[in-house]
Each structure stands twice: as C-alpha cells, then as structure tokens.
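Protein chains: 2
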Amino acid sequence: MRILLNLEYDGTDYCGWQRQKNGYAVQQAVEEALEKLPGHFSGLTGAGRTDAGVHALGQCAHVDYAGPIPPEKLFLALNGTLPGDVRATASRRVLDGFHARYDALGKTYQYRAWNGTVPSAVFRSTAGFVQGKLDVQCMDRAGQKLVGTHDFSAFQSTGRPVRSAVRTVTELRVLREDGFVVVRISADGFLYNMVRIIAGTLFEIGKGRLKPEVLEDALVRGDRDLLGPTAAPEGLILLHVCYSEAKMGQNILTGREG
Amino acid sequence: MRILLNLEYDGTDYCGWQRQKNGYAVQQAVEEALEKLPGHFSGLTGAGRTDAGVHALGQCAHVDYAGPIPPEKLFLALNGTLPGDVRATASRRVLDGFHARYDALGKTYQYRAWNGTVPSAVFRSTAGFVQGKLDVQCMDRAGQKLVGTHDFSAFQSTGRPVRSAVRTVTELRVLREDGFVVVRISADGFLYNMVRIIAGTLFEIGKGRLKPEVLEDALVRGDRDLLGPTAAPEGLILLHVCYSEAKMGQNILTGREG
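Residue numbers (UniProt numbering), protein chains in the order written: chain A, 1 to 258; chain B, 1 to 258.
Hint data in this document are derived by calculation from the structure and do not stem from the laboratory. Careful, some of the hints might be misleading.
Claimed, not checked - In silico lysine-lysine, PhoX-like type, Cα no more than 25 Å apart, as pairs:
1) B/K247 x B/K73
2) B/K133 x A/K73
3) A/K207 x B/K73
4) B/K73 x A/K133
5) A/K73 x B/K207
Chain A extracted, bound-state conformation (with noise of 0.2 Å):
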C-alpha cells in the first residue's frame, strides 16, 4: 500500500532532499530509518527538494509498503529510528496511484531573516541575516506584483532546466515577526532557487538599494541580473505541501474505507 509521510527536518547537516554523489541526503536518512522497520518500503519519492542547509516543516513524501505497521501509526515508529534532526509528524494511507510530487497542488515557503545589527547566534542555522533598516511594507507592496500567473524565467538559478517557467503565485506577504523579518509564498509551483531569489530581491528593495520596478521589468525581460542575490539557505523553510483530497482517497485517509 501507499503511505503518505508528513516530515519535518532540519536541513543543516544535509546536502538537501534529494540524494546526491557527495554528501549526506534527507532522503537517504528516511530510507534508512525505514529499512530498520519491519516490512519492506520502497520508491520513497519527495514532494519537492530543498536544497543544502534548507529546512521543512511540512515535506510530503510518498513510499510503498508491505508490513505489519498500521498506516497512520507508521510515522511514530519511523521516529525511533530515524536521527533527532529529521521528525515524521503524521502518515497516512492513500491511493497508489497517488504521487507525493505530481500530485502537488501547490506549496507554501518561509524564507526568514533576522534583521539586526550583528548575525544572530541562537538562530544563525535557522534564518538568514539582513543588516540595517528594512522598509518592509515596501517590500510587501512591491511583492505583489509577483502575484499572478507569470513566466518567472528571471527567478531560477540555472542548473535545473525546465520545459515552462510559468507558475501561479497565490499569495505573497512581507511581515515583521519579533526581530525577524518573513517573506511567505504560496505557489502552483517553484522554479530552481526561485524563493531565495524573490527574498533576496526583496531585501534589497527594502533597503532602497533596487527599485520596486524590478520585479516587473525581470518578468518582462526574463533577465535574471535585475535582481537581487540569492538569499542564503539557512533562512529558507519548506511550511507546506497542498494535496486534492481527492487525489489521496479520502476514505482511505480517515480509515474508513472498509
């Protein structure tokens, strides 16, 4: 059967997600957590990958499983083998033919920065840092441009070629929380460093060092050197992974299929 696995990681010792030649994956620490249950699990698939050093409070993974686990007890047993930094926060039976990244309606990031004199020592591997006075309801402002279906070609680092680079942004906030500040955004979709590129944008455009203008003109011009730095990993937080209801199988979700 197909389980659906809520995970949630800090992304610090990893190389990201996604396994790769050189480094320790997320990926790779869930299957081998796996392989130390009983039963046999295969084809763990991500809902999307985030890079090295970033985090996620709400990854979606999809995995097969033949075993004696219940479905919706599996993500606490998964919690004893797998290491501190990496938690199963829920898990769930769905339809096979469900797919944790094809499926994806959409996904919602944080990308948070402390904003202060000096780097923060308690949340240095937890957010990014911007120095100085932000104008963050400039920032919000101009954000909103971005709002929309768009050919978001200027937002990507290159790397990660893709047939279309049109994506829906649903909503976009620029927020004060405490000594940092937050940049969320939901989306159909991302492009390759997509996030990182809009807050690093941003943090210049509240810092006046680049017009609001910017974001409008990269749209048009698909020029990503309008723009600004791609923000460092650290800051940068997978909040949510968006599914149809339908597309799991309800009844199979809530255990009242039979």
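Please build the complex by placing chain B on the supplied structure of chain A, with the hints as guidance.
The following block gives chain B in isolation, referenced to the frame of chain A:
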C-alpha cells in the same frame, strides 16, 4: 573605563553563563575572545546566570577596559574573535560604579515550547516541547495570580540559597505563536529555575492535569511539590535586562560627555 556589553548566545554547547569546574561557560568564551583584542580587560560580570542549554538574546555584562578600541565599536571587534554561537550586539561606556548584576532593575525571560504531536526537528535545541492540546487562555488567566509581589519560595530549585524569595513579577503572558506556546515573564529578579518551574506548571494547567489554583496555593504554602516539573532548558531564553539610564550614566552612553 567600564563597558556594558549586550550579548546573544545559543546555550546548547555551554554549561551556562557562569564558569564551572566541568564544562565550557559562555563567560569563558567571552573572556577568551576579549583577551585576543588589543588592550586589557578585567572583571567580566554578567547580569544573571543562565543554566546549561539556556539561550540569551539580551544578556548584559560589564567589563573594565583599558585600550585603544572605542567603547561603541568594541562589540564589532569582539565578534571577530567570538565563536559563532555567541554574538555581541552592542557596547557602550557606563559609569565606573555601574554593576551589570546589582544594578539590573528587571529581566524578561521567554519560555517557548513546540506544541505538536512529535518533538520538533528544526527547533529541537531552541525550544522545549509540549505534546497534546493546551488551553492557552486558561494558562494565561492562571498566570495572572503570579503577577505582583510575592514570596516565590515554592518556585525555586535547591542549590542556590537566597536571603529572600520575595520577587515582583510585573508581567506574565501566555500566547500562541505559530506552532509554539510562549510564556513571557518580566520581574525585578528571578530565583533559581523560577521561570522553568512556572512554565512547567502552566503546561500542566493547560493540559488540565493541574488546577489553576495550585499557583496560589504554592505561593501561600511555599511548597515546591504542589507545582509541575521544571521545563527543559532549551526552551528558555533571556530576552532583556533593564537598567536605569541614571545608573549607567546617560551622557556617557550617548557619547556626548564632552
């Protein structure tokens, strides 16, 4: 001249602020970093001890300095020699008689706990953990009984005898922040483990395992056993130490002394 340092630290890898026979103290890390700077430093004294694993965003400490670095630049120089989990966030000259510990008018601590099904991966060293449903409104209401001047004898761990356990709590708030439950307390001073005992007791009250009345009973009877467990250190953070400008020497602070 006497300097007031503002310090931030991730207490995870330290035995606390204060030098101990076993373990490496934050105080020691700061002293060693000061020694690498030009000039002579002596008598580094913190506003308050923090326990092993406890963090600080706003620890204060005074130190005497004879050397070439201007007081208001000292924190920047210090960050060049401090380890990454300790940061100096400000520095200023204060009156020679100023004392970081004795002159503190009050402190604000925050206890933050991840309130989920399983312990957090991302926040495992910077937050505590409380499982299950919590009635946060009930916790906040119950906590108001502690506001004011009381004998907090029941709210301390043994090991650090004090002349008087009378303290004035000026504010206590319990609130939700995203996936966290946060207890924020300001007082003119705190007994050993006082915040962690208050937090641990409020969590039991929030779960319905202890009645709100235990707080008042414990104040009256001075009985530690009436209260909940001491909450884990990683959730505790020293937010702020408050001083009177007169004690510090306002003119000196702002560099306008002539």
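A quick look at each hint next to the structure:
1. B/K247 x B/K73: With a Cα-Cα distance of about 21 Å, the restraint between B/K247 and B/K73 holds, given a limit of 25 Å.
2. B/K133 x A/K73: Given pair B/K133, A/K73 holds - Cα atoms ~19 Å apart, limit 25 Å.
3. A/K207 x B/K73: Roughly 23 Å separates the two Cα atoms, so the pair holds.
4. B/K73 x A/K133: Distance of about 19 Å is within 25 Å: holds.
5. A/K73 x B/K207: Distance ~23 Å between A/K73 and B/K207 Cα, so the pair holds.
The structure fails none of the hints (numbered hints given earlier).
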